[in-house]
Amino acid sequence: MNERVVLVTGGNRGIGQAIARRFAAAGHRVAITSRSGAADDTDGILVVNADVTDTASVDAAVSQIEETLGPVEILVSNAGITRDGLVLRMTDEDFTDVLDANLTGGFRVARRVSKSMMRNRWGRMIFISSIVGLGGQAGQANYAASKAGLIGLSKSLAKEFASRGITSNVVCPGPIETDMLMALTDEQRAAMLSVVPVGRLGQGDEIAAAVEFLASESAAFITGTVLPVDGGFSMG
Amino acid sequence: MSDNFERFKKCAVDVLSVDEAQVVPEATFESLDADSLDLVELVMALEEEFDVNVEEEELDGVNTIQAAYDLVVSKL
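First to last, the sequence lines map onto chains L and A.
FYI, the numbering for the first sequence is 1 to 236, going by the working numbering.
FYI, the numbering for the second sequence is 1 to 76, going by the working numbering.
It is possible that part of the hints are untrue.
As the list claims (entries may be wrong) - Here are the in silico distance ranges between beta carbons for each label pair: (1) L:Gly-70 x A:Thr-28: 35 to 41 Å; (2) L:Met-1 x A:Glu-49: 45 to 51 Å; (3) A:Ala-21 x L:Ala-220: 57 to 63 Å; (4) A:Glu-48 x L:Gly-27: 29 to 35 Å; (5) A:Thr-28 x L:Lys-115: 24 to 30 Å; (6) A:Glu-6 x L:Lys-115: 49 to 55 Å; (7) A:Ser-36 x L:Asp-92: 56 to 62 Å; (8) L:Ala-220 x A:Met-44: 45 to 51 Å; (9) L:Ala-191 x A:Glu-48: 35 to 41 Å; (10) A:Lys-10 x L:Ser-163: 31 to 37 Å; (11) L:Glu-217 x A:Ser-74: 42 to 48 Å; (12) A:Val-13 x L:Gly-70: 23 to 29 Å; (13) A:Lys-10 x L:Gly-136: 31 to 37 Å; (14) L:Gly-224 x A:Glu-47: 53 to 59 Å.
The hints are simulated quantities; they were obtained by calculation from the structure and are not laboratory data.
In this text, all values refer to a predicted model and were calculated from it rather than measured experimentally.
The beta carbon of each residue, even a glycine, is placed where N, CA and C say it ideally should be.
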């Protein structure tokens, strides 16, 4: 197994944390970014302070990772926020803030790490989208738009960098047992579960497993795809 | 001046995977099989080698080795 330098943005909790832990357990050199710069427990993972809405912050964070661990070879763009509300009551900031963190943030980080990936002729970019980005969700127009946007971004990156051994793919998690899901109303959560064929919430590690596969050598011929990991929610 | 061109040639050879003999002033990037990503990579390598900064817009119309070299040298 090739030991790789992995960056997971927003890797301090939830799905990002599960992903970071899985890569670390597999023996990779893992760094996570978070706005608070702190994580519940580090498990040998480098924690770097970064705000993906700030280009300078992203640049400094990646430079720090490059100096400590080496150039980023696997990027998991996972950092994201929600600012739920119905469109009629959603302010400009509610919409643009979510877009800036979830979509433009992904662009900023991808741009910054693609330079060294291109030079080394190897790279893996995985963007964490959502089933909500595929099917929409009442009360999450901003979040859904940002997550859908990642699909266009990823596919474009896949095309731009295909000749350089860099793949870019999207994973769309279904309902996963994390803080973000618990922030939904009971009604929204129950509605989601009732249409998950597998009949339960997913676990962060199940998303991590899909991400790990896409980041592997075996997945070199997989690029520009969108992989729902959602218990069958979005099929058909 | 020729020393700078040697450094320029080395970057082009490294990035574009061509023979040194192909990197002549009149050569077009097209003839060197360089696509747009190759050019971006070359410009980045030149920026590092010569410690200069090249803006996107300045690359318009830069189609030959000579034009690229002139652009870089103009910033030294």
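Non-conforming hints, listed in increasing numerical order:
2, 3, 6, 7, 8, 9, 10, 13 and 14
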